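Okay, here's what each chain looks like letter by letter:
Number of protein chains: 2
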Amino acid sequence: MSHDDEPPAARRRFLAQGAAAAAALLAGGQARSDEAAPPGIPEWMKTPGADVGSQTYGLPSRFEAGVIRNVPKGLPQYISASSRTPLQDLDGILTPNGLFYERHHGGIPDIDPARHRLMIHGLVDRPLVLTMDDLRRFPSESHIYFLECSGNPGFEAIKGRTASDLVGLVSCAEWTGVRLATVLAEAGLRPEARWVVAEGADSAAMTRSIPIAKCLDDALLVYSQNGERLRPQQGYPLRVLLPGFEGNMSVKWLRRLNVTAEPAYSREETAKYTDLMPDGTARQFTFVMEAKSIVTRPSGTQRIAPGFHEITGLAWSGRGRIRDVQVSTDAGRTWQDAALQAPVLSRALTRFRLPWTWDGTPTTIASRAIDETGYVQPSFSDLTAVRGLKSFYHNNAVVPWRIAADGEVVNGYA
Amino acid sequence: MSHDDEPPAARRRFLAQGAAAAAALLAGGQARSDEAAPPGIPEWMKTPGADVGSQTYGLPSRFEAGVIRNVPKGLPQYISASSRTPLQDLDGILTPNGLFYERHHGGIPDIDPARHRLMIHGLVDRPLVLTMDDLRRFPSESHIYFLECSGNPGFEAIKGRTASDLVGLVSCAEWTGVRLATVLAEAGLRPEARWVVAEGADSAAMTRSIPIAKCLDDALLVYSQNGERLRPQQGYPLRVLLPGFEGNMSVKWLRRLNVTAEPAYSREETAKYTDLMPDGTARQFTFVMEAKSIVTRPSGTQRIAPGFHEITGLAWSGRGRIRDVQVSTDAGRTWQDAALQAPVLSRALTRFRLPWTWDGTPTTIASRAIDETGYVQPSFSDLTAVRGLKSFYHNNAVVPWRIAADGEVVNGYA
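As you go down the protein sequences, you meet chains P and W in turn.
Per the numbering used here, the first sequence runs over residues 1 to 414.
Per the numbering used here, the second sequence runs over residues 1 to 414.
No false leads were slipped in.
Same chains, same label: a pair holds when it works inside one copy or across any pair of copies.
Subject to a maximum C-alpha distance of 16 Å in a straight line, what follows is the list of computed EDC-like cross-link-like pairs (lysine to aspartate or glutamate):
| hint | residue 1 | residue 2 |
| --- | --- | --- |
| 1 | Lys46 | Asp112 |
| 2 | Lys390 | Asp275 |
| 3 | Lys390 | Asp279 |
| 4 | Lys73 | Asp51 |
| 5 | Lys46 | Asp110 |
Keep in mind that the hints were calculated from the coordinates and are not lab data.
All values derive from a computational prediction rather than experimental measurement.
All chains should be modelled from the sequences, with the hints used to inform the complete structure.
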């Protein structure tokens, strides 16, 4: 179901039919006769504004100075840390590059693209060292994909206040680059090739092993994000992009692809980024980010008045398209299908919306995503029944928001 | 035809079949055995990089400082002027907000959204004055649409050097807002309503008349662009967005909608933004931007070497989807279908690509767009045969790029 399929007339009827909704819209604002009190001429119309080109690279309004990446306070160091996208302040499905979430393991390197090289070696017929100019001469593709850290939010972090605190380690962009398969074909894979070990040019030499099937499927080597070149925080000048896989496998500042028969068993796939199960064993190589969703509006720290509201949020799945998002406004007793904004793209964020009139009674709202494989986003109790509480990564549980009598919205887990 | 339909194997065969292409790829770069000369450890791996959150709102790399809006030099004033998107430096279909083209008629106002009001009056049952909070409570939609100035490039401006000089007054973004039809229904249109006169809160009080049919169709009142709130240059906190219509009708800093029986005949629809025809009459109210395209790479001021290249560019139509883009590499004698990047969206920029091996012979390359109505982008001579040379606006002619023996790319009109 998509807004595109719904004529404006249907929504006009929706507003007109619901007397409470229409009244609430007006009561919430300052609607009144313009004869009675037309707005005056504001001071910004009385003198010329700023010049064209006063910002050759533009920035947000000073009135949006609070819409920034959510950086945790008081950490012992910030070279291995993360900052989160302010999901509750954003609309649509795209994340502006300036607000894309960060997770670095050795800080953000300052790389000169003219001096950057990508080396491809190991089980290949023709080892290659490629410049950025070389890479830009290969056939290119563009796709809109989400990227999510597998520690989003972790199992103990569900005590956060905002949507950003809870699941702000997910963002979405249009990526442009060359298929990894194309570049590997140029090098010539040997028959025994099973893994490609990617290494970043940061001070952590971030290293992850990628199964060859993914490398030959939809993996990209990307140099652009949302139209312009990658930002330094996102791997400038080159990163791997593995659609639907946990974020840190999409190695940033990519300098080396070592084609191997075995994985590297690097720190980030042994000591970290594994899932400790109830029986004490560690689940390794959990690549795909399962279906997930969150209501971003209304959400934690916001306050609502009784009357009409549009409940809206984001859903995504590492396995493909979102088929449905169900929203509950009665603490999970009943669920309604939300409208999905077209086009619904595979492994992109998907915007959902549901009209709702709040009667002022305290309640809990939540969303759950269902992807094209039929997988249903679990409740936290269903998830922990399988996974236990020793895990840190891969928590895709439903996020409930509790709404108090005064309209304050708080984390339903807190 | 879309890359999504084409398995990677096809492209592998493409590279392998074309010995010249593969050889050129290698010759153009520094491909060599890694045993012979593996890249050393760059200095940016030897010390920790910048902290997470060192930019709470991120910016491009310092090595991309030249990718900025293209501001004309030496104008007598800059409050009524334009800056252009650097199309030749961008990939994909989206324009980052910082590089979105500008056209202002009284400078850029600095508007406090808490004090901004939208007044809806005239031929309505219930005049309204709405705050931004009111507008954000209406049901919302998000769509990816291009926006183009009708003076892009003008008829005399075809002597520019870069793709940005020529047609840089076009950009594309994901817009979020409420359908204008929904808000007009709230006010209640009277039967005699035929036009809505939109007024901006800039010092020019930019005023344009919008036919009621467009207002009740896909017109939006938008507050967000590419996920975040509109930038001041794009109408913060509120603008009209009329998909496919000439840019200045999408009035920025929107403060007033006056519902009328007749258009306003404002300066911007009489003295300006009309098309002077060969017989001396002026064609007025030319709303829809017709189909157009441009090759962005290789394009003016770039220099190419013989060998494999991907020809790529952008196509768009105010009437709907792009059906086909044809590319000529022999000065218009023959045309080949380019691949279109999926999803091809209605009234969005569409990225096209064609693999090409340049043999070093001087030639001219160009693209022409065909939209879903069957309309074919005209040559400049076909266009001027109808329109003459007295026009300024609505030039959608084919742009040829001439490639010299040394690989320099120059404007084919120059």
